[in-house]
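*Asks:* Model the placement of chain B on the given structure of chain A, informed by the hints.
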Amino acid sequence: MNLFEKIFNYQIISRLDETGSFALTAQERTWLRMTLNHAASTEAFAPDTLGKLEEILQNEDAADIRNIIIEKAKSRERQIYHPLLRVLRRIIMRDQGIRLTYRIKHGGIKSNQSGFPYKLEYNMVKREWYLLWYNTRHHALMSTKLQNIVAAEETVLSAERADAVKDLLRRLLEARKEHAVIEIIPAYNAELSRILYAFSCFEKSVSYDEGSNIYRVHVTYLADESEFLLSKLRFLGLRVRIVEGDRLKDRMSESASKALSRYGVGD
Amino acid sequence: MARESFDKEIRFLRMLALAGGAYSRQQFADRLGISVHTYDKTLRYLKEMLSTLQQGGPQEHGNELSEGLRYNYYESADPLLLFLFRAKSLKETETIRLTLLLTALQSQERTARDLQDICSEQMPVDLPLPDEKTVRGDLKYLEEVGVIVRLSGGRPYRYIAANDLIDRLSDDELLDLFDYVDVIANTQVPSVQGYLLRSTLKKALIKRGYHPDTMETHRYKYHYHSRILDEAHLYTIFRAIRHCRRLHFLYLSPKKGKNYASQNTNPLFERETEGVAQSTLPLRVVYDHQYGRWYLIGHSPRLGLMKFRMEGLTQIEEGEPVSEEEFARRLAAAQAQLQHSWVTDTLRPVQVVARFFNPDRSGANFVRERVEAQGQWGTITEESDSTFLYEITVNGIYEIKPWLRSFGSSCEVLEPAWLRREFIAEWKEIRNYYESVREDF
Chain A
1 MNLFEKIFNY QIISRLDETG SFALTAQERT WLRMTLNHAA STEAFAPDTL GKLEEILQNE
61 DAADIRNIII EKAKSRERQI YHPLLRVLRR IIMRDQGIRL TYRIKHGGIK SNQSGFPYKL
121 EYNMVKREWY LLWYNTRHHA LMSTKLQNIV AAEETVLSAE RADAVKDLLR RLLEARKEHA
181 VIEIIPAYNA ELSRILYAFS CFEKSVSYDE GSNIYRVHVT YLADESEFLL SKLRFLGLRV
241 RIVEGDRLKD RMSESASKAL SRYGVGD
Chain B
1 MARESFDKEI RFLRMLALAG GAYSRQQFAD RLGISVHTYD KTLRYLKEML STLQQGGPQE
61 HGNELSEGLR YNYYESADPL LLFLFRAKSL KETETIRLTL LLTALQSQER TARDLQDICS
121 EQMPVDLPLP DEKTVRGDLK YLEEVGVIVR LSGGRPYRYI AANDLIDRLS DDELLDLFDY
181 VDVIANTQVP SVQGYLLRST LKKALIKRGY HPDTMETHRY KYHYHSRILD EAHLYTIFRA
241 IRHCRRLHFL YLSPKKGKNY ASQNTNPLFE RETEGVAQST LPLRVVYDHQ YGRWYLIGHS
301 PRLGLMKFRM EGLTQIEEGE PVSEEEFARR LAAAQAQLQH SWVTDTLRPV QVVARFFNPD
361 RSGANFVRER VEAQGQWGTI TEESDSTFLY EITVNGIYEI KPWLRSFGSS CEVLEPAWLR
421 REFIAEWKEI RNYYESVRED F
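Going line by line, the protein sequences match chains A and B.
Counting in UniProt numbering, the final residue of the first sequence is number 267, and the numbers go up one at a time with none missing.
Counting in UniProt numbering, the final residue of the second sequence is number 441, and the numbers go up one at a time with none missing.
Because the hints were derived from the structure by calculation, they are not lab data.
In this text, a Cβ means the ideal position worked out from N, Cα and C, and glycines have one as well.
Incorrect hints may have been included.
Claimed, not checked - Only part of the chain A face toward chain B is listed, based on derived beta-carbon distances under 7 Å: (1) 20; (2) 23; (3) 26; (4) 37; (5) 72; (6) 76; (7) 79; (8) 87; (9) 91; (10) 92; (11) 96; (12) 122; (13) 142; (14) 143; (15) 263.
Said to hold, decoys possible - Cross-link-like lysine to any residue pairs, in silico, SDA-like; alpha carbons within 25 Å at most: (16) A:145 with B:363; (17) A:249 with B:370; (18) A:74 with B:202; (19) A:74 with B:393; (20) A:74 with B:435; (21) B:221 with A:181; (22) A:249 with B:435; (23) B:221 with A:90; (24) B:202 with A:17; (25) B:221 with A:17; (26) B:221 with A:94.
The shape of chain A in the complex, shown without the other chains (with noise of 0.2 Å):
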């Protein structure tokens, strides 16, 4: 199996594209067989398509590259699929609104929220799907794990009401945006690739001043993921130092003292 194969090649995928043909390579059907194994596939598709697929792919290589690779310091995973992301994407799609019913952080449960339904949101890191939502009473833009959902059922809204809360949606996700700069402690430059690779799952994009041999940094974020970026930072210890980001210095300075306290040391 070769990832290059010439079937791939751009001029190809585009020629076939303004002919509207479609170029379905075994390894792609093979990928597919070897992923329907998983637990997520019964709650992806219902029975019968399930079994459409499988009996469309029975002739497939068998063979699983899943069997040479050990996955190291993965975060246990709570969730791949949840069963109202199939419910709540249509919605998404139709740019219909929602009301949602949902437990809240401190127990408790909010019941019959009106809002428009936005993005449907995986954190790679807590391995857990969230709804991004706009609450239509509270004007706010909310975040709520999948997993709290109680109940959800679609609204009717207009195609221009859609619309005006979309853009909104968008202005309010930019507004939310932080910077930030990192910059990589020379003495650790041999280390780059790495701390480049840390900072890779993040918007960002990096400046080197080769006078001084010192890489920075440029990371934009959402307000919400400051907690996410603070962990990454202590993570990287003192291969790292924020230059700029006032509340992420605050926090950081406050870790580190918090952090001697807890082993008897002082200022």
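*Replies:* Just chain B now, kept in the frame of chain A:
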């Protein structure tokens, strides 16, 4: 015939993705060990490929390729780096011929002779007409990669596109399949073929009248998108493991910079002359979820267990086989050695004990949740209302240390004593980094 190597493109794209925007043309070329001319040529090729693929598409990312690949997960779940796997170079006549054949076979069975007629009618006049042998060769290739099937029945053989996976599903089922492939490709490894399939299914849905936005409902946060570059070697390694064969390659150690006093050495991308010819019996690959990086685990007769970062493998080739018995023995030994590795470390096992502090606020105990989810084989015991103990026996502390540190003041290392001292020293130094901040309070 030598297999076309994509090592250069892979390293090029990795550098764009990881260190995007950091270097001037000259610096970039220097670090890859190529000339500025080659840099320009490669970039031009990648840009051309990207713009061809994006024609008529809703996405416009990547237009500033030279600035680096900026990843904005809110724009699209389309994996930008996938285009690496579309880089195989082909003659124009071949791309036109293969497309003509495949298009003609989309919904109608045809024989080689029918197809030759179609080529004669439809090939652009300035290109040579394919002879019978060429058409048969193309059909053989298309059948081998599985995009067409030869129907049962005698000669002359009839062929048709292998599109059952699309054609036999209703609109609703096809949408479910797209979502499934999207979710699995984004959350599991390996994923390149999943992404290729996702891209085909997306086109199939658009052809059935779905709006392109339909395929943009899911997002994946904190994704190591550059991991798919290293999957390029995965199938070569898989085949070698299945056949108990050694692998030969030129290894560019990303860690080598550590051995040098000079800080100017950029370990990310070393010149090829700095590579070391290696030969190893491949046993397993390790995927590290903390960084989104791959390792090859192998055995060398002289050095025993070997660990290579996948990104350092170039010019990889299959070598001579070993007996199945030897392979099984080496594999069992490697698995035993790696059993207590946080990632791949096989240093002496150490017993680590840490105290974790529950958050002060009521509500979800995110400290406990994270230790349970990420603590691998470590065990948890209750200590008090506000604390719990975590114990683990792990090969060396270098790989677990960053994880423990990432909890900040919610984690206190108790044992071993020297590790506890190291944590105290590090926190002191980190506090010094922000001394000026503290003075502002």
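*Asks:* Less than 7 Å between beta-carbons is the criterion; does residue 20 of chain A satisfy it with respect to chain B?
*Replies:* holds, 5 Å
*Asks:* At a threshold of 7 Å, is the proposed contact between residue 72 of chain A and chain B supported by beta-carbon distances?
*Replies:* holds, 5 Å
*Asks:* With a cut-off of 7 Å on the beta carbons, see whether residue 122 of chain A makes it to chain B.
*Replies:* holds, 5 Å
*Asks:* Straight-line Cα separation of residue 74 of chain A and residue 393 of chain B no greater than 25 Å?
*Replies:* Roughly 17 Å between the alpha carbons, so the hint for residue 74 of chain A and residue 393 of chain B holds.
*Asks:* Between the alpha carbons of residue 221 of chain B and residue 90 of chain A, is the straight-line distance 25 Å or under?
*Replies:* Distance of about 21 Å is within 25 Å: holds.
*Asks:* Taking 7 Å as the limit, does the beta-carbon of residue 79 of chain A come near enough to a beta-carbon in chain B?
*Replies:* This interface hint is violated because 10 Å lies over the 7 Å limit.
*Asks:* Mind checking the CB of residue 143 of chain A against every CB in chain B and telling me if the closest is under 7 Å?
*Replies:* Because about 10 Å separates residue 143 of chain A from the closest Cβ in chain B, which is outside the 7 Å limit, the hint is violated.
*Asks:* Check the hint pairing residue 221 of chain B with residue 94 of chain A against an upper bound of 25 Å on the C-alpha distance.
*Replies:* holds, 24 Å
*Asks:* Are residue 142 of chain A and chain B close enough, Cβ to Cβ, to be under 7 Å, as the hint says?
*Replies:* Because about 15 Å separates residue 142 of chain A from the closest Cβ in chain B, which is outside the 7 Å limit, the hint is violated.
*Asks:* Just to be careful, I want the Cα atoms of residue 249 of chain A and residue 435 of chain B compared with a cutoff of 25 Å; is the pair within it?
*Replies:* Status holds; Cα separation ~10 Å.
*Asks:* Hold the hint about residue 263 of chain A up to the distance rule: shortest CB distance to chain B must be less than 7 Å.
*Replies:* It holds, given that the least Cβ distance between residue 263 of chain A and chain B is near 5 Å, below 7 Å.
*Asks:* Keeping to a limit of 25 Å between CA atoms, is the pair of residue 74 of chain A and residue 202 of chain B held or broken?
*Replies:* Violated - the C-alpha atoms of residue 202 of chain B and residue 74 of chain A are around 29 Å apart, more than 25 Å.
The structure is inconsistent with the numbered hints 4, 7, 8, 9, 11, 13, 14, 18, 20, 25, although it conforms to all the rest.
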